[in-house]
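Residues per chain are reported as follows:
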Amino acid sequence: MSKILSPLLGAGNDLVLVCLSFLPNGASNPVSTGFTAVNEISSITRTGVGAYLIKFAEAYPQLVSKWADISLNAVADLKCQFGAYTPATIGTPPTSPAQIVLNVLAVATPTDVASNANNRISCGFIFRRTTVET
Amino acid sequence: MSKILDPMAAAGRDLVVICGSFAPQGTNPPTVLAGKAEAVIARANVGQFTVTIDPPYPECVSTWASVQLAAPTNIVIEWVSGPTVGSVLAGSKWTGTLVATTAGAAADIAADPQNVISWGVIMRRTSFER
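Residue numbers (the working numbering), protein chains in the order written: chain U, 1 to 134; chain V, 135 to 264.
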């Protein structure tokens, strides 16, 4: 049974919820003024067609769970899918926060999303602040 | 460091986030990566995994699931069975089934360090909704 008293108690007493969103910008990098949770991320860049690299601001030891979703100005057959995850390096300084690839796919093909005030990608990450799993 | 002091306050004071992740291993049992203490994960069939939460909670408020893949693929992960979200479980353990599908058909996901399924459920500790 869970022993934790804080709201995020189910999976550990040291979990951190990092949620963010950004506005895709076609073939260009997302504009940082469209980011939410700017204190939790160091950058979001477009690395290829429909591919974004999210770099976190803080170095957490473990990524427990994550999700991503897309809202669009008009209905389209698009979905978000995470790609390669690079964990944070923690211990001997300098530490390095984690980063993860996020792809937007049309069926299986990475696809750019046009710039539009109603086109927004949202994602959430639940990190653990220690390596001790309770 | 996160600036969030009370992450779930807006949705209620008795909510529990239970979440984890595991690495599918093709037709073999998955390798649990996180959330080991709160759930048992098992491969039930092609592309299907059961998630059993222990201890019981009175109500499941919401769920999520996502897939991370080494290469972009037409695979989605979704919950397909389990007690109806929002039902009172009367003390029984919550078990849901995740299924990975490609074009609507269940499909196993090969073992790869970058192939990871993430899941989460939000439970209420009481049946009293505030």
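Simulated from the structure, these hints should not be mistaken for lab results.
Careful: at least some of the hints might be erroneous.
[What the hints assert, rightly or not] To spell it out: a stretch of chain V is covered by chain U in this simulated footprint if at least three of its residues, at any positions, have a beta carbon under 8 Å from a beta carbon of chain U; those stretches are:
#1 150-163
#2 201-214
#3 246-254
Each residue gets a CB set at the ideal place from its N, CA and C atoms; glycine is no exception.
Now the hints, each set against the structure:
1. 150-163: Contact hint for the stretch 150-163 of chain V vs chain U: holds, 6 residues under 8 Å.
2. 201-214: Holds: 10 residues of the stretch 201-214 of chain V have a Cβ under 8 Å from chain U.
3. 246-254: holds (count 5)
Comparing the model with each earlier hint shows no violations; every hint is respected.
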